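*Asks:* Sequence:
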Amino acid sequence: MTSTSAARLPSLLPPESDAGPAVTWAGRYAAPVTFAVFGLIDILVFGLHAHGTATFAFTPEFAKVSVPNLPLPAAVTCFVCGAVSLVLAKRKFARDSVGGPGR
1 MTSTSAARLP SLLPPESDAG PAVTWAGRYA APVTFAVFGL IDILVFGLHA HGTATFAFTP
61 EFAKVSVPNL PLPAAVTCFV CGAVSLVLAK RKFARDSVGG PGR
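In this note's numbering, the protein residues as written are 1 to 103.
Be aware that a few hints might be false.
[Said to hold, decoys possible] Only pairs whose alpha carbons sit at most 25 Å apart, straight line, appear in this in silico SDA-like list of lysine to any residue:
#1 Lys92 x Val45
#2 Lys92 x Leu44
#3 Lys90 x Val37
#4 Lys92 x Gly27
#5 Lys90 x Phe46
[Stated by the list, open to error] Pair by pair, the computed Cβ-Cβ distance ranges are:
#6 Thr55 x Tyr29: 29 to 39 Å
#7 Val67 x Val98: 35 to 45 Å
#8 Pro10 x Val76: 52 to 62 Å
Bear in mind the hints are in silico, worked out from the structure with no lab data behind them.
Predicted, not measured: the structure shown is a model, and the values here were computed from it.
We treat Cβ as the ideally placed atom computed from N, Cα and C, and that holds for glycine.
Could you build the full structure based on these sequences and the hints that come with them?
*Replies:* In structure tokens:
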């Protein structure tokens with residue numbers, strides 16, 4: 001009474017065709033659209049309404065070793081993070097539209 005695990009387990013994914021896995025429009029462009037939306041929100045909402053400084057703390061409160069905090073201008077930080085997100089969206093969109101899903 002020996003059987004392989006493939007015979008006992010259900011198939012959760014449809015079998016792939018000879019042309020490769022089926023990729024939908026939403027699956028291919030979900031990441032670049034998400035990066036672009038978050039980048040625009042970062043610039044238009046957070047960046048335009050930012051005042052003062054954004055302080056990045058790298059050390060927990062009661063750590064034995066202390067790393068100094070990094071204070072940066074809040075608006076500039078939002079603009080830079082939003083621009084990085086938009087650049088990543090552009091690169092991902094270009095890579096997916098030219099090279100296919102595996103690139």
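*Asks:* Given the hint that Lys90 pairs with Val37, test it: the Cα-Cα distance must not exceed 25 Å.
*Replies:* Status holds; Cα separation ~12 Å.
*Asks:* Check the hint pairing Lys92 with Gly27 against an upper bound of 25 Å on the C-alpha distance.
*Replies:* holds (13 Å)
*Asks:* Regarding the pair Lys90 and Phe46, is the alpha-carbon distance no greater than 25 Å?
*Replies:* holds (21 Å)
*Asks:* Looking only at beta-carbon atoms, does the pair Thr55, Tyr29 fall within the given range of 29 to 39 Å?
*Replies:* holds (36 Å)
*Asks:* Check whether the Cα positions of Lys92 and Leu44 lie no farther apart than 25 Å.
*Replies:* holds (22 Å)
*Asks:* Lying within 35 to 45 Å: is that true of the beta-carbon distance Val67 to Val98?
*Replies:* This hint holds: roughly 42 Å between Cβ atoms.
*Asks:* Would the hint linking Lys92 and Val45 be met if the CA-CA limit is 25 Å?
*Replies:* Distance ~23 Å between Lys92 and Val45 Cα, so the pair holds.
*Asks:* So the hint says 52 to 62 Å: do the beta-carbon atoms of Pro10 and Val76 match that?
*Replies:* Holds, since Pro10 and Val76 (Cβ atoms, about 53 Å apart) stay within the stated range.
Violated hints: none; the structure is consistent with every hint.
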